[in-house]
Amino acid sequence: METFRMTLKETTPKRVLIADDDPVMRHLVTTIVKQQDCEVVLANDGRDAYRILQSDSQFTAAILDMTMPFLEGLDLIRYMRSERRLMRIPIMIITAQQDIKLMASSFAAGATAFLPKPFTPEQLQSAIRMLIGNRKPTRRAA
Amino acid sequence: MSFDHIANNKRTRTDPFPFDPAATTRDDVLDLASLKAFEELQSDDGSDLIIELIDLYLVDAPQQILAIRKAVAITQWEVLRRAAHNLKGSSSTLGVNQVAVICEELEATNSSDSSEVVEALVQVLDYKFAKARQALTTERQRRLS
Numbered sequence: 002m003e004t005f006r007m008t009l010k011e012t013t014p015k016r017v018l019i020a021d022d023d024p025v026m027r028h029l030v031t032t033i034v035k036q037q038d039c040e041v042v043l044a045n046d047g048r049d050a051y052r053i054l055q056s057d058s059q060f061t062a063a064i065l066d067m068t069m070p071f072l073e074g075l076d077l078i079r080y081m082r083s084e085r086r087l088m089r090i091p092i093m094i095i096t097a098q099q100d101i102k103l104m105a106s107s108f109a110a111g112a113t114a115f116l117p118k119p120f121t122p123e124q125l126q127s128a129i130r131m132l133i134g135n136r137k138p139t140r141r142a143a
Numbered sequence: 023m024s025f026d027h028i029a030n031n032k033r034t035r036t037d038p039f040p041f042d043p044a045a046t047t048r049d050d051v052l053d054l055a056s057l058k059a060f061e062e063l064q065s066d067d068g069s070d071l072i073i074e075l076i077d078l079y080l081v082d083a084p085q086q087i088l089a090i091r092k093a094v095a096i097t098q099w100e101v102l103r104r105a106a107h108n109l110k111g112s113s114s115t116l117g118v119n120q121v122a123v124i125c126e127e128l129e130a131t132n133s134s135d136s137s138e139v140v141e142a143l144v145q146v147l148d149y150k151f152a153k154a155r156q157a158l159t160t161e162r163q164r165r166l167s
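Heads up: the sequence lines are chains A and B, in that order.
Taking the working numbering, the leading residue of the first sequence gets 2, the next gets one more, and so forth.
Taking the working numbering, the leading residue of the second sequence gets 23, the next gets one more, and so forth.
Watch out, some of these pointers could steer you wrong.
[As the list claims (entries may be wrong)] Facing chain A, according to a computed beta carbon distance under 10 Å, are these residues of chain B, among others:
#1 G68
#2 Y79
#3 V81
#4 Q86
#5 R104
#6 H107
#7 G111
#8 S113
#9 L116
#10 C125
#11 E126
#12 D135
#13 V139
#14 R155
#15 A157
Don't read these hints as lab results, they were simulated from the structure.
We put the beta carbon where it would ideally sit given N, CA and C, even for glycine.
Excised from the complex, chain A in its bound form:
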């Protein structure tokens, strides 16, 4: 039984929800997440992410931009933490706002990690690895 569980865990692909209305950031985050052998589900804004989450809860993690049209990252965190099927999904907030209160609000709402822009590629990689549980790097820095 234990062997079966381990096999199942190893073969189930990790899926990550990425929600950002900025195409540059979306592409950057997607590239790094895919390098971690994860499947990516993309949302172009907060409402798009909300619709996806209403019917799909099979995510290893969610990476959300704070400021998005229709629904902000903070709204999505609150929604996810209020839904039993979503409440265990680790959430990372990415934001261009350098506001300590916003960071505190994000953690209070249930965010797991908070990454302010601008960030270095290494910071983004480390944060994503920690979020999805791949602590060992799969690629080394040049």
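Assemble the complex: chain A is given as a structure, and chain B must be docked to it using the hints.
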């Protein structure tokens, strides 16, 4: 009055980028070191991530600037702040620092600011983005050759 003079005077209103790790290069139109840092994320499939990011930025940034210009014309500060915020994020990440600095100032715009100052900032933004586009296009060409 030069564009830089307008930008520098406006910049004193806040303390931009308190966490900027590359503060010494903030005055560059394009901080190539920040951009090239993404080389370590290159895929093995032969694609060039930096070219992809430049291409996406050069499509998206003019749209954000247009949104900013329209918002200023009808004094929709919330729309202005959102577009400036979006552009600031991608600009600062890719090392397009001067555009990011102007966006930060535009993001701080409120109803107490005179429309002349805001319009001047948008002109500075146009000017800085034109210079940044030139630098990004040059870097793109260099990577392709």
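Hint by hint, here is what the structure shows:
no., hint, verdict
1, G68, "violated, 14 Å"
2, Y79, "holds, 5 Å"
3, V81, "holds, 7 Å"
4, Q86, "holds, 9 Å"
5, R104, "holds, 7 Å"
6, H107, "holds, 5 Å"
7, G111, "holds, 4 Å"
8, S113, "holds, 9 Å"
9, L116, "holds, 7 Å"
10, C125, "holds, 9 Å"
11, E126, "holds, 9 Å"
12, D135, "violated, 19 Å"
13, V139, "violated, 22 Å"
14, R155, "violated, 14 Å"
15, A157, "violated, 16 Å"
Consistency note: the structure conflicts with the earlier hints numbered 1, 12, 13, 14, 15.
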